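*Asks:* Protein sequence lines correspond, in order, to chains B and E.
Residue 72 in the working numbering sits at position 72 of the first sequence; the count goes up by one each step and never skips.
Residue 208 in the working numbering sits at position 98 of the second sequence; the count goes up by one each step and never skips.
Don't read these hints as lab results, they were simulated from the structure.
As the structure is a computational prediction, the values presented were derived from the model and not from experiment.
The reader is advised that the hints may include incorrect statements.
[To be verified] The calculated BS3-like cross-link candidates involving lysine-lysine, where the alpha carbons are at most 27 Å apart (straight line), are:
#1 B:79 with E:210
#2 B:2 with B:79
#3 B:42 with E:167
#4 E:181 with E:167
#5 E:121 with B:102
[Said to hold, decoys possible] From chain E, some residues computed to sit far from chain B (all C-beta separations above 12 Å):
#6 122
#7 141
#8 176
#9 190
#10 193
[Said to hold, decoys possible] Derived list of chain B stretches under chain E, where covered just means 3 residues or more per stretch with a C-beta under 8 Å from a C-beta of chain E:
#11 43-55
#12 70-76
In this text, a Cβ means the ideal position worked out from N, Cα and C, and glycines have one as well.
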Amino acid sequence: RKEVEQDPGPFNVPEGATVAFNCTYSNSASQSFFWYRQDCRKEPKLLMSVYSSGNEDGRFTAQLNRASQYISLLIRDSKLSDSATYLCVVNRNSGYALNFGKGTSLLVTP
Amino acid sequence: DTGVSQDPRHKITKRGQNVTFRCDPISEHNRLYWYRQTLGQGPEFLTYFQNEAQLEKSRLLSDRFSAERPKGSFSTLEIQRTEQGDSAMYLCASSLSSSKQYFGPGTRLTVT
Chain B
1 RKEVEQDPGP FNVPEGATVA FNCTYSNSAS QSFFWYRQDC RKEPKLLMSV YSSGNEDGRF
61 TAQLNRASQY ISLLIRDSKL SDSATYLCVV NRNSGYALNF GKGTSLLVTP
Chain E
111 DTGVSQDPRH KITKRGQNVT FRCDPISEHN RLYWYRQTLG QGPEFLTYFQ NEAQLEKSRL
171 LSDRFSAERP KGSFSTLEIQ RTEQGDSAMY LCASSLSSSK QYFGPGTRLT VT
């Protein structure tokens, strides 16, 4: 079993829709949690860190449930430019290797 | 541009040849990481350095792979006797201690 599991999608949504991605992780010792965004044939870029209290950055909201080992990302009012692959990422200790899920593909259509 | 840089961006090689990739981290970042990404997968950790010391290696890093960071600045990743299964995107990232990791554009390797 992979350490980080994500639904690969693809998710096809119209502009303006709300879309949610889920992720589970297997290592209960994981300490840091992130969502990265990766455009086609580009490098991953940090979208946001994820905290137990939940956090929001504009149209993006991330949640962490440590008891269930579950992470989510909600995108409201989807834009065409949100089309990308969203990678769920955990690491055992800050500064160590990042463990990536396979990514969830999102396509926002006009 | 003061981000992470990687060279070359693309490499096509024949099976059995050796290849070497270079990564230049963000200036003053003391940690440097190598990852490999194949189509449809997320990046997979290969190894990481703190300054010049290689502190962790993944089981993915077979004997044919070697990485160095001789002066704690740039790093090289060498693959000897390349196989078709080595075809992938090789990503380098750097960080300042425990802060977030910044990725370079990657080196895309194709082994024919």
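*Asks:* So which hints don't hold here, by number, going up?
*Replies:* 2, 7, 12
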